[in-house]
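Visitor: Based on the sequences and whatever the hints tell you, model everything.
Sequence lines, in order, name chains A and B. Quick note: to get our numbering, add 1388 to the position in the first sequence (first position is 1). Quick note: to get our numbering, add 1388 to the position in the second sequence (first position is 1).
Derived from the structure by calculation, the hints contain no laboratory data. Treat the hints loosely; a few may be bogus.
Identical chains share a label here; the pair holds if one copy fits it or two copies do between them.
With a straight-line Cα cutoff of 20 Å, these simulated SDA-like cross-link-like pairs (lysine to any residue) come out [said to hold, decoys possible]:
1. K1399 to S1456
2. K1399 to E1506
3. K1460 to R1433
4. K1460 to R1402
5. K1460 to G1432
6. K1399 to R1588
7. K1460 to V1584
8. K1460 to R1397
9. K1399 to G1523
10. K1399 to E1535
11. K1399 to R1454
12. K1460 to V1502
13. K1399 to V1559
14. K1460 to T1439
15. K1460 to T1555
16. K1399 to P1545
2 protein chains.
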Amino acid sequence: MNDFTPTERTKVRRLPQRGSYDRAVVYDILDEGFVCQVGFVAEGRPVVIPTAYGRDGDQLFLHGARASRMLKALRDGAEVCVTVTLVDGLVLARSAFHHSINYRSVVVFGRARVVEAEEEKARALLAFTEHVVPGRWAEVREPTRQELDATLVLALPLAEASAKVRTGPPVDDEEDYALAVWAGVLPLRVSVGEAVPDPRLPEGVGMSDCLARFDPASRRARPA
Amino acid sequence: MNDFTPTERTKVRRLPQRGSYDRAVVYDILDEGFVCQVGFVAEGRPVVIPTAYGRDGDQLFLHGARASRMLKALRDGAEVCVTVTLVDGLVLARSAFHHSINYRSVVVFGRARVVEAEEEKARALLAFTEHVVPGRWAEVREPTRQELDATLVLALPLAEASAKVRTGPPVDDEEDYALAVWAGVLPLRVSVGEAVPDPRLPEGVGMSDCLARFDPASRRARPA
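Guide: Printed below as a string of structure tokens:
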């Protein structure tokens, strides 16, 4: 798996030690996020829209209804910038100025392509479902031809991308380390609450296996 | 507190019942997020950058080093689009097609202004710190004049904004409700792990009050 080549747009300039062009690092972050932010230009002005996504190898899939403004803007091959950001902790320094956040983020640049072939479209829908809860695809009703037709799927090649990662304790000014102020990191993570069954769930339908073993922080695309 | 007037850009067109122009709804989402996504146009192409932020009344503050690419692009009053997205749960339907995510998101459009006055800059740094952990500002060393000078602060008026919110169970096709597939919502929330003290923390410095009572989901800007 070859790594990314930094480009004018993906090269991390501010604090370059936080940058990574390692494909495994980038893909781990993409696989852990639930929502990406899609940036595009509409009438010369920036628009950013949060949306679900899925990854299939070196492609990122986006989808939505055919009428959506974002997909209309992107379907003609317009430039797009997609980011995924995971917040890992609050970095509490001794000074207000040095407070920070531990995070992992990915930025992807490129042009999306409309997925037309029914087979690839079905693979994209599998990627969306498995991205959220691995193993879910095998439990649910597969998409019908009508559902596939109603969905616009875009594929963005994972060719121009980079990650930016901050970890570790605060970095304070040398003279501040003597202050009697608690400093350190408050880790944050995504945790799962108790499942809320659908009010219309028929009696006797038990919790699914893939949900019982679900861990939001270690989901990997596991195509059936 | 008057609500937002939907504009060409903020009007929620796809699933309009999910849209809200209620200022309190928008501000609650902004106050709960840790990182926003800043979209701008650079050389005609979209760029999205995750960054920390703070809110002070009807203004959103962004900040960074003077050399940062994003702040350079925005300081001249370029159009910006800022989003904050909170993921509240996974919506597990009986069909792959109807899987969804419960979320709350905000989009803000506008042009940022450089904050020059030292007093307003100090207020912005207070807003950043209190946004992350309410009560923290009073515990830490305040910024020096040099630190204020090194920081570029931008203020974005909260004038053109809207929220989009999905809640509740899956919406399945009528005939799918009979399927023996577990369906419902898996709630997600941000939880706090055990605090990691800075390796250089002097002995005897106890946990701070504001961290001991910290709850990531109910932080409100509480200026000192």
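Visitor: If you test the structure against every hint from before, which numbers come out violated?
Guide: 2, 6, 7, 9, 10, 13, 15
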